[in-house]
Amino acid sequence: MDYGFAEQIGFRALTLLTFLPALGALIMLLFLRHRPNAFKAAALVTSLATFGLSLYMLTVFDTTTAAYQFQENFVWINSFGINYHLGVDGISMLLIVLTTFLSVIAIIGSWNYVKDRELAFFVSLLLLETGMLGVFGAMDMFLFYVFWEIQLIPMYFLIGIWGGARRVYAAIKFFLYTFAGSVLMLVAMLGIVWWYSKSSGTMTFDIQTLQSAGFPSNVQSWAFLGFFIAFAIKVPMFPVHTWLPDAHVEAPTAGSVILAGVLLKMGVYGMIRFCVGFFPEATIKAVPWVMVLSIIAIIYGACVSLVQPDMKKLVAYSSVSHMGFITAGLFTFNAQGVEGSVLQMINHGILTGALFQMVGFFYERTHTRLIKDYGGMARPLPVAAAFFSLFVLGSLGLPGLNGFVGEFLILLGIFQYAKIAAAIASIGIILGAAYLLWMYQRTMFQELTNKKWIDLKDLNLREIVTLVPLVAAALFIGLYPAPFLEMLHAPTQNILAQVQPYMADKQSILQLASSFLGGF
Amino acid sequence: MKASDLITILPELILALSACLILVVEPLLKKDKTASVAIALTALLAAGVVALGLSGETRSAFNNMVVLNDYARFFTVLFSAAGVLTVLMTPRYLEAYDRHMGEFYALLLFAVVGMDLMAASRDFIAFYVGLELMAISSYLLAGFLRYQMRSNEAALKYFLTGCFASAITLYGVSLVYGLTGATNYEQVGQSLMASGNTTAVAFATALVLVGTGFKISVAPFHMWTPDVYEGAPTPVAAFFSVGPKAAGFSAILMIFVTVFAVSADTWSTLFIVLSLVTMVVGNLFALVQKNIKRMLAYSSIAHVGYLLAALGALGRGDDFLPGQAILLYLTAYTFMNLGAFGVLAYLKTQSEEFDYSLSDMAGLGRRAPWAAALMSLFLFSLTGIPGTAGFIGKFYLFNSIIRADLTWLAVIAVIFSAVSAYYYLRVVMYMFFREPEVEFATKEPINGPLAASLALSALGVLVIGLLPAGFWSAAQSAWGNFFG
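Chains as they are written, first to last, in the working numbering: chain X, 24 to 543; chain B, 9 to 492.
Note that these hints are calculated values from the structure, not bench results.
Glycine included, C-beta positions come from ideal geometry on N, C-alpha and C.
Warning: the hint list may mix true and false statements.
To give a feel for the contact side, a few chain B residues facing chain X, derived at Cβ under 7 Å [to be verified]: (1) 364; (2) 429; (3) 437.
Distance windows between CB atoms, simulated [unchecked claim]: (4) 139(X) / 453(B): 49 to 55 Å; (5) 101(X) / 273(B): 33 to 39 Å; (6) 444(B) / 472(X): 36 to 42 Å; (7) 101(X) / 204(B): 37 to 43 Å; (8) 224(X) / 273(B): 25 to 31 Å; (9) 299(B) / 475(X): 30 to 36 Å; (10) 359(B) / 461(X): 37 to 43 Å; (11) 453(B) / 461(X): 55 to 61 Å.
Given the sequences, and given the hints that come with them, work out the whole structure.
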């Protein structure tokens, strides 16, 4: 069956989806500049329409195949074999829905958050959405790179203009880290395109074509490194994670929600699409290394979270830990690990997005994020405390909520890879329960230490509307993950098939360690 | 001399005669400078159009001293574009200093004639005449604000280093003449090829390289650049940063590929070494500049570093891909750099106290949103963000370097372009993230010719950024009959 857009859905769904937010932003800039309520409504309508469209695409989506669907393809820069080529598989489709979903949440959530330059704020959010959707939809490396870089700019402004006290530092750090990684990726891209054009005589940036190129080992190892560094910075993996706490703490709530919810996933998505797709051999060789780094991230992120005095920073470091699970799951390269990893991307997006949103709501009321300033907040804010507890429990992996499903699958995968790794990773889960519950206890329970907060207003209707979809999503995936996993089966099999020929080379951590020690 | 010779140099003729016309008209119309501006614009446009109109065939004139082929045509159009953008941003700026005089445009046209000649020359004598015509006009332009000490300083510095550089170039040329007895590129190239890469040839190569290296501000011959850019009138600095630089590259490409083909290994290695030095100097010094004009000066040095890497690749590789990439890069660079300087020129017209310091940019996003937005676009383009011309330039450039098996050099270049993001984005940061310390008035919005200049620059940046195919094929065809 052909998965061109015309046969499948009848219109250029992916182009429309990608540029709808940008179009909304343009309309806001041109016609609604001086009417705050109108442009905020327009932003909301735009994001809702985008979300609706992505849901509609989900209904048309064929889950039985790993082929790229809703494909659109036309020539952009002919002499270099660069095409405007869009298409999605199950993984990118889910991430697209996550993106459009969280964008709606972010827009409703920050309805009254900014007072200064509101128009620019909402325009930035929408442009960011276009950038993210483009990254997930691109089937051409050049196009991917364009979107990958372009979404840096709205995020840079979001952190830099509407951020906290150290926003300038955080914004520049965020930009430079990512940019440094992505220019290396650019060199790697040009390198493999060159190799391909030498061997086949045609120049192309098409991802599918290059996935079947079969690069030789030496090309693979160098190019893998170029791509991998860029993605590892984005994830972020230990030890290049240091931009993340700064960016998260300083970013406005909506920025944190999107950053944790979607931008980090772009790193893992890139690893799946490029590292695995182009360089399966090098990827398998890298398995024990990535595993070690991931497990360090899990434990290190959790330990640092334990001692954070700042709620937002705690959630930020917990992201480092959780993303460690996701990369570890992916690099097990067995069905459970990979599916769990992708599902956990969605889960982490929902739960961490929700946690950041909650911290934002608290902050709007108290103007502090320090845990020691809180205490007994469940008394003035019972509804908020209830929501908060749900997200905290989901995040620490309580069965029945979505976090559990992903973590369980990932641990199952890691266990098959190496028992010792699974054992250490489980310590990360225990630590996760510790820092999250301890934070919850210190902020929501105990005596109401700050008497001035007895009169705080509980969540209003808009805030509840922001949170209810997140709760619903968390419960739905937690209780009935089957439809999501079903979408992932075919692409997962595809990933495993790509690495299959090299699986014999897969080393466990112990083998890596012994070969190291043997050297001494 | 035949009539067809005159047709070949018609673009240059138009420019030179119009410059003379301005000098005649100027005293007649005392107050009104519109005529001078109009003549200059018409002449530049006409030169570009005529060059394009004489397309298709390769014309050579004056015993093959100058040639009008796609290569010369490419640069003629590029220089005309740079000239138009500069002329448009000038009137309001010079009025602010009460120095709006027609001579400015005449000098600018003469400089463009020199630049066109450099790209079209096929003979060391013609090249040298072009170089000097451009240089002498440039010295005068740099000192155009003659009641400003900085402007005088700029002119003097530029003059002294420029003379020095010209002399070194000439010394190299005289060596070549001594070795071969010819000044025509093709003849010289053939005799050198016959004699082989001797020490004398290598020495001559190095001398010509150093002399022309001054003009395009290759480190360590770059010292004059920041001072001259800072002191010269802003539109002039804008012009210097793109015009003479592109002209320098047009001549360097031509001379090294045709004349010094025999010593390709020598100059390729030299260019790679100089590229590394230039990237380091340009980027690291740009990091610590508090003055935006000086920052842009060092940034232009950094960009020359990337271009030199491609020149090195040109000497190594077996195709002209790096040469084509250099042409495209120069085109992209023209629009984004003129744009960035144009915004600075606008800000200077709005407030005398504006001294191009970073802190004066604080809060610009609020005071003058359009200026700040345009400046951001140009700075993002200089950084190399996709969607802008700067990215396309870097994409093609790094691609050509990698294809010459110099991946390590491309890696260093991209790391430096990541470094450069810091100093470009710092300006954006000041404009949008900082509150102003001193409140400058922006008396009027961007309007008149200046607005046209900025709009055209922005358009250029976006069109090259999104639809580069046409520009690339122009650069390809320029190299198609490079030798013709």
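- If any of the earlier hints don't hold here, list their numbers in rising order. Hint check: 1, 4, 9, 10 fail, others pass.
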